[in-house]
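Below are the chains, spelled out letter by letter.
2 protein chains.
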Amino acid sequence: MNELKLCVPDPSLDLVLERFVEVAVERVWAAWTQPELMVQWFTPAPWKTSKIELELWPGGKFKTVMESPEGELMDHDPGCVLEVVENRKFVWTSGMMPGYRQRAAAEGEFLFTAEISMAAKDGGTLYRAVAIHDDAEGCRKHEVMGFHDGWGAALDQLVALMK
Amino acid sequence: MNELKLCVPDPSLDLVLERFVEVAVERVWAAWTQPELMVQWFTPAPWKTSKIELELWPGGKFKTVMESPEGELMDHDPGCVLEVVENRKFVWTSGMMPGYRQRAAAEGEFLFTAEISMAAKDGGTLYRAVAIHDDAEGCRKHEVMGFHDGWGAALDQLVALMK
Numbered sequence: 247m248n249e250l251k252l253c254v255p256d257p258s259l260d261l262v263l264e265r266f267v268e269v270a271v272e273r274v275w276a277a278w279t280q281p282e283l284m285v286q287w288f289t290p291a292p293w294k295t296s297k298i299e300l301e302l303w304p305g306g307k308f309k310t311v312m313e314s315p316e317g318e319l320m321d322h323d324p325g326c327v328l329e330v331v332e333n334r335k336f337v338w339t340s341g342m343m344p345g346y347r348q349r350a351a352a353e354g355e356f357l358f359t360a361e362i363s364m365a366a367k368d369g370g371t372l373y374r375a376v377a378i379h380d381d382a383e384g385c386r387k388h389e390v391m392g393f394h395d396g397w398g399a400a401l402d403q404l405v406a407l408m409k
Numbered sequence: 247m248n249e250l251k252l253c254v255p256d257p258s259l260d261l262v263l264e265r266f267v268e269v270a271v272e273r274v275w276a277a278w279t280q281p282e283l284m285v286q287w288f289t290p291a292p293w294k295t296s297k298i299e300l301e302l303w304p305g306g307k308f309k310t311v312m313e314s315p316e317g318e319l320m321d322h323d324p325g326c327v328l329e330v331v332e333n334r335k336f337v338w339t340s341g342m343m344p345g346y347r348q349r350a351a352a353e354g355e356f357l358f359t360a361e362i363s364m365a366a367k368d369g370g371t372l373y374r375a376v377a378i379h380d381d382a383e384g385c386r387k388h389e390v391m392g393f394h395d396g397w398g399a400a401l402d403q404l405v406a407l408m409k
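Residue numbers (the numbering used here), protein chains in the order written: chain A, 247 to 409; chain B, 247 to 409.
Treat the hints with caution; some may be incorrect.
[Claimed, not checked] In the BS3-like style, the derived pairs of lysine-lysine whose C-alpha atoms are separated by at most 27 angstroms in a straight line are:
#1 A/K307 <-> B/K251
#2 A/K251 <-> B/K307
#3 B/K309 <-> A/K251
#4 B/K409 <-> A/K297
#5 B/K251 <-> A/K309
#6 A/K367 <-> A/K387
#7 B/K307 <-> A/K307
#8 A/K307 <-> A/K367
#9 B/K297 <-> A/K251
#10 B/K251 <-> A/K251
#11 A/K309 <-> A/K387
#12 B/K409 <-> B/K294
Read the hints as simulated data drawn from the structure, not as lab findings.
What you are looking at is a predicted structure, and each value in this text was computed from that prediction instead of being measured.
Starting from the given sequences, assemble the full structure and let the hints guide the process.
Right, dumping it as structure tokens:
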């Protein structure tokens, strides 16, 4: 395997969640890449994930539909998988449709690329998620929307599921 | 190697140049991936390529500067390499900066992803370049700007150089 290239986050543009979790790296990877597992943790309760479609190759589909307790659906255009390095790195973006087709943001939407990386450590996993934005406004919107709480709560659910 | 996934072009959104060339596939690959070769063919004469910066990994930099006979420079933001499959497939986009950071189009600019694919055939190469656009307007602009003549003339230069 080539040397792993990881994002060097820009604090004005990127949001980072980094944490050690007591789940083996292979199980964290499985939770992120098997739809039947992913639906169980990806959306912080009381919302849930209604649907996941995942094509695990560069250019493949990354599609999630979230559902509120009242049944309201958050159903965006599908995103695009960019990198799949087993047990190490998973990258996808909301800024492209499957097949690397650029998409423009809907009104009020911000686009981002998510880089999920993981490394085995002491039987658990050093886990990092970076949300990469094209401008400071998108980054701020994502932060205000609750990136840290939301991604943190989702990770808690992943740990509870896979531990 | 996994099965090669190639774009299925959408005629309303994508532009395709497909041609058999009498250059071995390894040499076509070299021409596309070695900057010192690429500067010699990438820009149709009488324009030339002043500079190429290429980081040959997913998320790496794809930067070209073109120069008119009068010395006028066409110097865009750098694009992003998406896929590198030796002797088979090279994908990059103008819609992201290196590191998968989304970028918005400048005024009048259209964004696109380029998928270059090649397959060895009869000692030569079946070569295909697809320019993938996010909307029909971008596709049309690219066509009117001379996609077919421009990419065709560049390919002629590649063949003359590498034959």
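Outcome of the hint check:
The hinted pair formed by A/K307 and B/K251 meets the criterion: a straight-line CA distance of about 12 angstroms does not exceed 27 angstroms. The suggested pairing of A/K251 with B/K307 holds, with an alpha-carbon distance near 12 angstroms, which does not exceed 27 angstroms. For the proposed pair B/K309 and A/K251, the alpha carbon gap of about 19 angstroms is at most 27 angstroms, so the pair holds. Of the supplied pair hints, the one linking B/K409 and A/K297 is violated, its CA atoms being roughly 51 angstroms apart against a limit of 27 angstroms.
Between the alpha carbons of B/K251 and A/K309 the distance comes to roughly 19 angstroms, so the proposed pair stays at or under 27 angstroms and holds. Using a Cα cut-off of 27 angstroms, the hinted pair A/K367 and A/K387 is violated, with the two alpha carbons roughly 33 angstroms apart. Using a Cα cut-off of 27 angstroms, the hinted pair B/K307 and A/K307 holds, with the two alpha carbons roughly 24 angstroms apart. Restraint check: the Cα-Cα separation between A/K307 and A/K367 comes to about 30 angstroms, which exceeds 27 angstroms; the hinted pair is violated.
For the proposed pair B/K297 and A/K251, the alpha carbon gap of about 24 angstroms is at most 27 angstroms, so the pair holds. For the given pair, B/K251 sits about 23 angstroms from A/K251 by alpha-carbon distance, which is consistent with the 27 angstroms threshold. Distance hint between A/K309 and A/K387 is fulfilled; the C-alpha atoms sit about 21 angstroms from each other, no more than 27 angstroms. For a cut-off of 27 angstroms, the pair hint linking B/K409 to B/K294 stands: about 20 angstroms separates their Cα positions.
When the structure is compared with the earlier hints, violations turn up for hints 4, 6, 8 and for no others.
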